[in-house]
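*Asks:* Using the sequences and the hints, build the whole thing.
Here the sequence shown is numbered in the numbering used here, starting from 1 and rising by one per residue.
Just so you know, these hints were derived from the structure itself, not from any lab.
A quick note: this is a predicted structure, and the numbers were derived from the prediction, not measured.
The C-beta atom is built at its ideal place from N, Cα and C for all residues, glycine as well.
No incorrect hints appear here.
Below, a list of computed lysine to aspartate or glutamate pairs in the EDC-like style, where the Cα atoms sit at most 16 Å apart: (1) 14 <-> 58; (2) 14 <-> 63; (3) 5 <-> 63.
Label-pair ranges, simulated between beta-carbon atoms: (4) 35 <-> 15: 31 to 37 Å; (5) 55 <-> 4: 23 to 29 Å; (6) 62 <-> 38: 35 to 41 Å; (7) 5 <-> 45: 41 to 47 Å; (8) 28 <-> 60: 16 to 22 Å; (9) 47 <-> 6: 27 to 33 Å; (10) 6 <-> 55: 21 to 27 Å; (11) 3 <-> 52: 33 to 39 Å; (12) 32 <-> 55: 16 to 22 Å.
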Amino acid sequence: MQLAKQLSALPTNKLPAGGGVAAVVTAAWSEVMPAVAPLLAGPAVATLVGMGVAWAVEYWVPDRVNEPK
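*Replies:* In structure tokens, the structure reads:
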């Protein structure tokens with residue numbers, strides 16, 4: 001297998017995209033759900049929803065391309 005040279009110090013787009021989405025979704029869920037569905041408004045549910053959405057986003061976000069050495 002040929003070695004690859006990373007073009008930057010951040011070789012992936014997945015971690016920043018997933019982390020940002022998880023924080024926003026968890027905060028939004030915690031703010032909106034108490035008025036909509038109080039049974040689904042707990043912090044554990046908000047965290048699980050944030051993680052699930054982050055994993056889905058990370059699945060679809062492409063990585064940066066490395067160039068072969």
